[in-house]
Amino acid sequence: MQDRLIELLEDTLHEWECDAQPETISQIAEHLLENGVIVPPCKVGDTVFQVGTDRKIYQFTISKLIYDTDGIAFDERAIGKSIFLTKAEAEQALRKEDEGK
Numbered sequence: 001m002q003d004r005l006i007e008l009l010e011d012t013l014h015e016w017e018c019d020a021q022p023e024t025i026s027q028i029a030e031h032l033l034e035n036g037v038i039v040p041p042c043k044v045g046d047t048v049f050q051v052g053t054d055r056k057i058y059q060f061t062i063s064k065l066i067y068d069t070d071g072i073a074f075d076e077r078a079i080g081k082s083i084f085l086t087k088a089e090a091e092q093a094l095r096k097e098d099e100g101k
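No gaps in the numbering here: position 87 of the sequence shown is 87 in this note's numbering, and each next residue is one more.
Note that these hints are calculated values from the structure, not bench results.
Possibly wrong hints are sitting among the right ones.
Said to hold, decoys possible - Dumping the calculated EDC-like pairs for lysine to aspartate or glutamate here, alpha-carbon to alpha-carbon at most 20 Å:
1. K56 to E99
2. K43 to D3
3. K56 to E30
4. K64 to D46
5. K56 to E97
6. K64 to E34
7. K96 to D54
8. K56 to E91
9. K64 to E91
10. K87 to D46
11. K87 to E99
12. K64 to D3
13. K87 to D98
14. K64 to D54
15. K64 to E30
16. K81 to E97
17. K81 to D98
18. K43 to D54
19. K81 to D54
20. K43 to D98
21. K43 to E30
22. K81 to D46
23. K87 to D54
Please read these numbers as outputs of a predicted model, since none were measured by experiment.
All chains, please: the whole structure from these sequences, using the hints.
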């Protein structure tokens, strides 16, 4: 999420013709996330559901969120596609997939 936020900040500042160092932009993004200005769609301890290639729904508890480029816990862009915040959403995705066949 922090990477996407940094990208948006860079684009916006470029459009506004503001000159900011990458380190400053990264610090701004981190500050916004840490202080709840930007709220991630899930947090440590939340349960998420993943639709597997075997069409089964798997349940996971988030134990760690990673906001840096050293690693990815999971790609937040997958939420609503292959990762769901409720089991009902995962089941609905499977039904829609069946309807599309």
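Practice task
Would you list, in rising numerical order, the hints stated earlier that this structure does not obey?
Solution key: When the structure is compared with the hints, numbers 3, 9, 14, 18 and 20 turn out to be violated.
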